[in-house]
Amino acid sequence: MTRTDTREEQRDRVLMERIARGDKEALASLYDRYAAAAFGVASKICGTRTLAEDAVQEAFLSIWRRPGSYNPQRGSVTSYLFGAVHNKAVDAIRHEQSLRRREQAMTDRPEGSGGEEVVEAAWLSVRRVQVRTALQRLSKVQRDALQMAYFEGVTYAEVAERLGIPLGTAKTRIRDGMIQLRALLSASGVEE
Amino acid sequence: MTHQELQDLIPAYALDALGPQEEMELRAHLASCDDCQALLAPLAETAGALALAAPPVTPPPRLRERILSGAEPEPQLTPAPLPRRPVWPRVAGVLAAAAVVLMAVANVLLINSLNERERQLEEQGRLVDVLASGSPNPRPMVAAERNPEASGQIFVAKDAQSAAVVMTGLPQASQGVYQLWLVRDGRPTPLDSFQPDASGAAVVYVQANLAAMGGMAVTLEERPALPAPRGPAVLRTA
Chain U
169 MTRTDTREEQ RDRVLMERIA RGDKEALASL YDRYAAAAFG VASKICGTRT
219 LAEDAVQEAF LSIWRRPGSY NPQRGSVTSY LFGAVHNKAV DAIRHEQSLR
269 RREQAMTDRP EGSGGEEVVE AAWLSVRRVQ VRTALQRLSK VQRDALQMAY
319 FEGVTYAEVA ERLGIPLGTA KTRIRDGMIQ LRALLSASGV EE
Chain P
197 MTHQELQDLI PAYALDALGP QEEMELRAHL ASCDDCQALL APLAETAGAL
247 ALAAPPVTPP PRLRERILSG AEPEPQLTPA PLPRRPVWPR VAGVLAAAAV
297 VLMAVANVLL INSLNERERQ LEEQGRLVDV LASGSPNPRP MVAAERNPEA
347 SGQIFVAKDA QSAAVVMTGL PQASQGVYQL WLVRDGRPTP LDSFQPDASG
397 AAVVYVQANL AAMGGMAVTL EERPALPAPR GPAVLRTA
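Protein chains in written order, with the working numbering: chain U, 169 to 360; chain P, 197 to 434.
These aren't lab readings, by the way, just hints derived from the structure by calculation.
Glycine residues also receive a C-beta, built at the ideal position from the N, C-alpha and C atoms.
Misleading hints may appear alongside valid ones.
Claimed, not checked - Simulated DEER-style distance windows between Cβ atoms:
#1 P/P344 to U/A325: 40 to 48 Å
#2 P/T364 to U/E177: 16 to 24 Å
#3 U/E177 to P/D230: 37 to 45 Å
#4 P/E345 to U/I347: 23 to 31 Å
Said to hold, decoys possible - In silico DMTMM-like links for lysine to aspartate or glutamate, alpha-carbon gap of 20 Å or less:
#5 U/K308 to U/E264
#6 U/K192 to P/D204
#7 U/K308 to U/E326
#8 U/K308 to U/E288
#9 U/K308 to U/E320
#10 U/K192 to P/E261
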């Protein structure tokens, strides 16, 4: 992890401690730091603005209501936060069970996703580039499996079905892709 | 599943890419397996980093307002226009009387954020203990007529100090919450409120003296922690 990341991570942890004490301003600060990233991933998964907003809202409020569930020994605040957003977004689209509606909604892309300038902290932009670069360095089959599982919110069994590959193969691609991605991110300093 | 089979599911678990059954099994396993927990932690971090592969999108200002206004000391639940027919006396009549002092601990949802999972892993561990020590004949819960799909089972631990209530077929409560009740001398005592997961399943862990438990019931309520049931009955012990 780079020095900048460590410093930013430290800031996040201080925010989480304040949130645990019921400090609403800290929640606002955490939101301001990561709203665009959180809404970005939620929008990509949900496809509709309404579902994405709901997912981000639920994620932040779940952190507010159960701050004790964040364990700093286990990982970074960002992975906790983005994990919560991802989970809520996946939950939302699985609940909707509306692929067709989702596809229709994709034509009605969330405003702001059409190349609009997003103001984001420099360190986060750097990290973003590192993650995308690492992803590009995976084999295509691993990348496809990971992206399908993560961004389309489907189970590995559905990945297998959609790609027309055996269940075990889908599982292996996801596993190997995750392990490889982790190694690449460690090498680029995104993770310790 | 064998240990190796469960371990192979961890990467997909980190991506929220398991089916409900596998996720439940793995979570129960994680509660008691340090090796698997150690494998999960870095993969959860990797999954978190994947979020940055999506282009950032500036959310509308109203989202910030919604979140901050929702961040009150007490959880805010939207009141729902639920029917207020007086169903409880009918339910209570079916339930046997029991003397139990009860404390609800937690609801366990099948699908949750990774760190929330950690908290739940502890609960899951307790659930496993309950299930492992439970009577071979769990007490069934049957559906009230309005939700024929719903069913449940109560696993009481051998020492009768805790129980796991496993429910399936619960419709989503988009406005309101499910409330678990225990009846004592014909009067209901609120236990935990909960929401089922996307598949309609929920597991509630109850810690209490259940030695003389007569029965439990589930109702759909506008908000949690009401002193007495107001909403319609969903499940009750047979």
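Hint-by-hint comparison with the structure:
no., hint, result
1, P/P344 to U/A325: 40 to 48 Å, "violated (29 Å)"
2, P/T364 to U/E177: 16 to 24 Å, "violated (40 Å)"
3, U/E177 to P/D230: 37 to 45 Å, "violated (25 Å)"
4, P/E345 to U/I347: 23 to 31 Å, "violated (40 Å)"
5, U/K308 to U/E264, "violated (30 Å)"
6, U/K192 to P/D204, "violated (40 Å)"
7, U/K308 to U/E326, "holds (18 Å)"
8, U/K308 to U/E288, "violated (29 Å)"
9, U/K308 to U/E320, "holds (17 Å)"
10, U/K192 to P/E261, "holds (12 Å)"
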